[in-house]
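2 protein chains.
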Amino acid sequence: MSGRQHADIDSISGLESVGENVQLPTTYVVIKLIPDIQEKALQWLIEKIQGKKTDGGAELIVMLQPKTDPREEYTLHISANMVKLLEVAEDIELIKMDSQGRPVEFTVAQMDDFLIDGKKVDDLITLAERQSIILHELGNIRALTYEKSVPGYPSMKLYENQAVIPFLQNRQLITKMYPLHDEEQLKKMAGYWYLSRLTKQPINAIKDYFGESITLYFAFLEFYTLALIVPAILGLCGTIFTETIPFFSVFNVIWVTLFLELWKRKSNELAYKWGTIGMTSLDEPRPEFRGIMGVDAVTGKVCLQAPRYITYLRMYLVSLPIVIVCMVLAYWLMLFSIWSEDYVKLIEIEEGGMISKDYLIMVPSTVYSIIIPVISAYFKDLATYLTEWENHRTQSQFERHRVTKLVLFEFVNNFLCLFYIAFVLRDVEMLRSQLRTMLIVSQTIYNFQEVFLPLGLNHFHKKSQKINKNTNPETQRQKEKATEACSPLLNIPQLQADDRRIKQAENESRLEEYQDTFDDYLELYIQFGFVFLFSSVYPIAAFWALLNNVLEIRADAFKLCTLYRRSFIRKSKDIGAWQRSFEVLGGLSILTNCGMLYLSPDIRSRFPDYSDMELLMAFMCLEQLLLGVRYLIHIAISDKPEWVRVALARKSYESKQALKFERSQRNKKILYRFRTVQ
Amino acid sequence: MSGRQHADIDSISGLESVGENVQLPTTYVVIKLIPDIQEKALQWLIEKIQGKKTDGGAELIVMLQPKTDPREEYTLHISANMVKLLEVAEDIELIKMDSQGRPVEFTVAQMDDFLIDGKKVDDLITLAERQSIILHELGNIRALTYEKSVPGYPSMKLYENQAVIPFLQNRQLITKMYPLHDEEQLKKMAGYWYLSRLTKQPINAIKDYFGESITLYFAFLEFYTLALIVPAILGLCGTIFTETIPFFSVFNVIWVTLFLELWKRKSNELAYKWGTIGMTSLDEPRPEFRGIMGVDAVTGKVCLQAPRYITYLRMYLVSLPIVIVCMVLAYWLMLFSIWSEDYVKLIEIEEGGMISKDYLIMVPSTVYSIIIPVISAYFKDLATYLTEWENHRTQSQFERHRVTKLVLFEFVNNFLCLFYIAFVLRDVEMLRSQLRTMLIVSQTIYNFQEVFLPLGLNHFHKKSQKINKNTNPETQRQKEKATEACSPLLNIPQLQADDRRIKQAENESRLEEYQDTFDDYLELYIQFGFVFLFSSVYPIAAFWALLNNVLEIRADAFKLCTLYRRSFIRKSKDIGAWQRSFEVLGGLSILTNCGMLYLSPDIRSRFPDYSDMELLMAFMCLEQLLLGVRYLIHIAISDKPEWVRVALARKSYESKQALKFERSQRNKKILYRFRTVQ
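Residue numbers (UniProt numbering), protein chains in the order written: chain A, 1 to 678; chain B, 1 to 678.
Each hint should be verified, as a subset may be incorrect.
For identical chains, the list gives no copy identity; a pair is met inside one copy or between any two copies.
As the list claims (entries may be wrong) - Pairs of lysine-lysine, DSS-like flavour, derived with a Cα cap of 25 Å:
id, residue 1, residue 2
1, LYS571, LYS660
2, LYS640, LYS656
3, LYS656, LYS84
4, LYS301, LYS640
5, LYS273, LYS656
6, LYS200, LYS301
7, LYS53, LYS660
8, LYS660, LYS120
9, LYS660, LYS119
By construction, these hints were calculated from the structure, which means they are not laboratory data.
Okay, chain A solo, but in the shape it has when bound (with noise of 0.2 Å):
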């Protein structure tokens, strides 16, 4: 508590010295929007920025970069000075390290008790968290009640605290809005990350950087390669014992659910450190988040409510319903490919022209395989559509309900053909190599359309830009007028021309945007899916997926550094949806590998005298075993480790007392008048 950190307060300033631009503070935010805007929308929207909180406005700093051509997009850029920083910071309870280690919610307060190890102001906040506030706070502009529309477009209509930003970005008034990458830490961490041989990924520096939800997804992948260690040494067992594959296949079941069971534990252990644990479906409401001014319940404060059955009744009556007739033609469609390709078989062998049949044969499952990615894009399109509509108060609950609907529509798409094969034709050769094809051919299509598409594209505009400017000489002489016609309207502060913020603003609009984890996640769900759901069938499937994985966090990591641009960072405390997805996938690997033993004629072969049935009955009652055992190690493993269990109720202890406390103090007087009378 000594005065050792107050000197550092003075250069608390907003300002940093960016190049010659040393009046001009630091880009957070950069927003763009269309070329053609009314210039009254446009003012409306910097004022809005720049407005008080009481006006709905967001009280941040905005700077306009000079337009070099009239067809060129406006550029915002957008900062706030560190006051409004720290204060934000407090607001939505950034959580930050104290002076012993422990996740705590960061107040202005106690600002000492963070500024350890010789740590400034300037550095309290990070750069994401700073980018993250500005974010929140843009998302918290809200319309007042006399505007009733976006001025200059009378058709678009506002309500009274509706949101802003997210409204013109749907308008698409606002084109993109992301924040600036910090090249220079993104040079230090490729080093210890993709660059790095085998060491353990920098899980802290990427937090820091990416945020929650990305970290964990990274995590994960980590500790999903580490546990397929044991699967890929059995599968590789396996193919040259052959006979030892019933055992190895019932070893791999128990082996998920411990996997799946232990990341739980690890997922609220980090959690804990990064003090995302507590999150509720009753925190802070998500900027699209829809609904009449209220007190809160649980905070006492005023703001959105709406009723959480019409939720849920949106959920069950309409989406749910939806979602199930998709699933339905889903399916129907991958029997139409099965048995028109039977079809073509038929026609082919009566007919008797043999190139022409190998050729037709491919024609329905290429049709297939060409239509599924383009029907999954707009079932996309409509689960975000339907779960935007259901009206989720946080961004999790949002995710989590989004990521359902996506995946049991994925589910069909990707493992119902394979349950057909399995169970339906009960062909174990065709089973497999579906399975050889699917798994190499989904692993190199996702390799190839997240890394080589976009360098590729990359590459193809930066090209084309030079191209561009080669072929334009007036673009000086245009610039300097552009910036004229906008300057005296605007009256707001310009970057210079030569400023370097522009050129990476520029450079970084032009990659493309990282939505969300969404995709990733998927091609591990697949990949999982393939590797034990049937790995009795093809038990090499899990060193495949090792080998995937092992370049699959290098690829993503090398992705996400440099051919995206900058996402916002997003807390979550776990990885939502997925892990009951894995769990189920988990469960299910129980009820097929228990069905393709029973179907294995390796099996039949080794106890002939068994009759079917008894087989039938031997392998049901191993399923209802392994379910048993796996229903044990559910209730065995807790949730979350000891030590994390012991600070949160650490915590709750704490702040009971504070709660207590802060009581008795209201109460004083009777406590002493009780005492005197004794």
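Take the given structure of chain A and dock chain B to it, following the hints.
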């Protein structure tokens, strides 16, 4: 916060007007010691009870009951003054409703908050709570470093900080320790409870009198009875329209899952209202908990500590194998009884003597049904011993692990023979008759054991006591003598010979002790198994169970109110291991009912076109489907009702704010300095 109730504080005295004994305070707890206890030991114990906290004492008031006969046990009446009661109430975080009707930890400082609706200080802590406060303090009487053994008993070694009272109970110097009934309250309650016809139970009054643990049992029994109405109606329909049984048994399985999930909600609701919902394994240890003094990781206070891993090692490496061995032995015993019955049947056919055969056949099952309760009783002791030895920290943990062991064993005793008959012998008729017999016999036996046996014993006791009195004319003289002999030795207040508390203490001392809710739950558990495991075979079981339970509620209430000694209240937040036990039974019922449907000749005759194999497949699919439905119900129904979640979140929010506030008070200066810089 006005002074409206402050005048009541003057009435705080700890003294109550009990007949003529105005100067002696109310008896809360009675302790009985063996008649021939060493005077030194008695003196030591009394001094301990009166002694200061720092000397390992309890700071309570002790009164001696005059002995009428040297062969009579020593009887101590324990009391405490109001200040002591309030102090401990705060210390053990007694939950009380505050003026807003929310459960809050009681503190003396905010006493005004709890004095609502004209309550006086004397009404604040119920009699049951006072008794449990006394128990808590008695339990915390500890041996000091220099107290190496109980005075007068050199062989009874004590270690430092050993809990004295449980030790003396264990060594049988203390024979009984019980709180006194409140006859007025009991009479009032009876009218609403077991004497009423079909009204709801007075849950709040029961909770105030008997505590959370017993009340949860009654709440569960009521909830279960209500839930039984639907299966009972279906069962009745089933006996009329026999072809609908398959549908009913499938429905039952889903009903059971729903019932258990909804009960969890109900139970959490009650736990919230009672303020027990926050109980964790890190709460205050039970008196029997052994360990060394250390700093508690949660509260930072110095209290007993023992490493948790030793408990785990003992549980998994010692207790678990022992329990499994016992289960296997019980299983063999069951098999042996069935085999010997078969064997007897065979013998008799050869010899041909009709009457002796009928008798002989009954011998194995009779012997078995006599042996089982005996073994069960022994196993109960073993389980209690093992769980004690595992050294669980809290009472809830202790009970959960004890109940788990017992339930596993009782499962084998009660249900395994049904499984054997159903799936090994595959004799549906035998199964049905077995179910009928066991259901009716067990319910009759239980009701007899519970109500009529104690009723008879009580009657017998009273009679014999009367005779004793009449045949002993010297009593009065002896009484006076004994009183004189005693009083100079023990320098403590004595009750007057005509104090009506003496009669009450003696009467209640002769009542049976109510151990815990285990036997009551077990009865329901076994009934639940008989009703749902094979509901497709004997659907009317639900109806008999419903009838029985309507009586059961009243019988159990009557028993607790009149036949048993009052027990100390036990807190609990849920029904502990029973929830899981019922859930496992619910899960198994899916398996058994599908199995029974497959085996039923009825089904076979209805689908003559299907092969055995196809039928088996069909019922396997049905089982998997039902398991899936069960899982969906499980995840769709939240464990806590929305309002409880909101209330908990609000409380946690308030405490967090208080903690923040407390911290900010500490660092106020910095805020000021920081603001001035701006």
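Okay, the hints, checked on the actual structure:
no. : hint               : result
1   : LYS571 with LYS660 : between (31 Å within a copy, 22 Å between copies)
2   : LYS640 with LYS656 : both (22 Å within a copy, 21 Å between copies)
3   : LYS656 with LYS84  : between (31 Å within a copy, 23 Å between copies)
4   : LYS301 with LYS640 : between (32 Å within a copy, 24 Å between copies)
5   : LYS273 with LYS656 : both (21 Å within a copy, 18 Å between copies)
6   : LYS200 with LYS301 : neither (43 Å within a copy, 39 Å between copies)
7   : LYS53 with LYS660  : between (34 Å within a copy, 24 Å between copies)
8   : LYS660 with LYS120 : between (34 Å within a copy, 22 Å between copies)
9   : LYS660 with LYS119 : between (34 Å within a copy, 22 Å between copies)
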